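> Take a look at the letters that make up each chain.
There are 2 protein chains.
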Amino acid sequence: MKIGILGTGIVGKTLAAKLVELGHEVMIGTRSVAETIAKTEPGMMGSPPFKEWHAGNPKVKLGTFAEAGQFGEMIILATHGVATTNAIDQAGKNNFKGKVVVDTTNPLDFSQGMPPKFAAALGSSLGEQIQKHIPEAKVVKAFNTVNAFVMVSPKREEGDPDLFIAGNDETAKSKFISLAEQMGWKRVIDAGDISHSYWLEAMTMFWVYYGFKNNHWSHAFKLLLK
Amino acid sequence: MKIGILGTGIVGKTLAAKLVELGHEVMIGTRSVAETIAKTEPGMMGSPPFKEWHAGNPKVKLGTFAEAGQFGEMIILATHGVATTNAIDQAGKNNFKGKVVVDTTNPLDFSQGMPPKFAAALGSSLGEQIQKHIPEAKVVKAFNTVNAFVMVSPKREEGDPDLFIAGNDETAKSKFISLAEQMGWKRVIDAGDISHSYWLEAMTMFWVYYGFKNNHWSHAFKLLLK
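Protein sequences appear in the order of chains V and C. Heads up, the first sequence is in our numbering, so the first residue is 891 and it goes up one at a time. Heads up, the second sequence is in our numbering, so the first residue is 891 and it goes up one at a time.
Extracted from the complex, chain V is given alone in its bound form:
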């Protein structure tokens, strides 16, 4: 499948590398290709600058937001939460029509220092905001409750975490689940329609708090069902 990813951060890069490894065609979109290639400082958690990373992952295409939006049959949003609707605008809303759009983002407000504050109100989770912003797209909220490395390699020593998702379109959810299964996800907990993104985003705040308190980032929720 052709997959467009918006965002060159650790989530975008980690997903891109894995998806290419799985045989998909991937284009990462960025605000400015020239600036992304010119960066020399390492990213979050010591990840290498994009150019260095790209040298090791040459199959991943790099383009503008608009090019990645056009390219993808499925589009993955991997931007900073608060920057996401703007990135969609730059990519061109038309490029999202009818497509499965996977929203991995979280409404985090870093303006008051660490740990970040929750920046969504009940009824206006990022998942809902994005679905309203591109009503003809089929938004699936997913992957927002784990870090990038767990997304592409979910199995933990303590067990298999659950894949928590929300979205209005059942077919879109199925398509995303197939992709996630290729990455090793074993079980899906479907939270229901996109309005339930709120609970997945709220759960993540607990995840974030735990991470900052313990400097630990590979934790993942499982819902013990029996």
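Because the hints were derived from the structure by calculation, they are not lab data. Keep in mind that this is a model prediction, so the values were computed, not measured. No incorrect hints appear here.
Repeated chains share a single entry, so a pair holds when one copy, or any two copies, can fit it.
Below, computed lysine-lysine pairings styled on DSSO-like, alpha-carbon distance capped at 27 angstroms:
#  : residue 1 : residue 2
1  : K951      : K892
2  : K908      : K951
3  : K1045     : K1116
4  : K1103     : K1063
5  : K1103     : K1022
6  : K1076     : K892
7  : K908      : K1116
8  : K1103     : K1116
9  : K1076     : K1045
10 : K1065     : K1103
11 : K1076     : K1116
We have chain V; now place chain C onto it with these hints.
Just chain C, lined up with the frame of chain V:
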């Protein structure tokens, strides 16, 4: 230990029976002892009327909210979420001074039908509301993310769920953790101060939604740490 429990619902009764079994002295408090004894209809999930249940659990004392509040060295709040501060008022705020108060409640609004809506805003979780209401008590938010039967018998076929707690007082949390360990809880995930009750209450909405969707109530979260 002497434990007072406010609320004669399924949570209050299930905790009372288990705590007595563990050798604690327990008094359940109710708004009206006479009305509680007079009830003949079964409770939630087909639980027997209080009198019938009490015949099988004669060691559990029954009293008013105030009597249970006086009795307990530790007090467990097991009322409907929205009725909790009122129950505390009836029990007499003085009876909570300096005590560990375990808040198992959730801010659920049943007025618009099922599933219930979330009735707390960010910054005013029930845990926080209750701590503000009885500032001299040491409120520990706990047990709100599981049903009553899992509270007293946490082990699941799929593993041990985590005990998620929040509260301002470390000693109070330790005391509660000791009690929970007696019930079989293996690992604690401390969410931090009482303001983090919000995330535990929000997580529970996901739990509630899953329950209503699947008519399943014994599910419990685990945070896979490694």
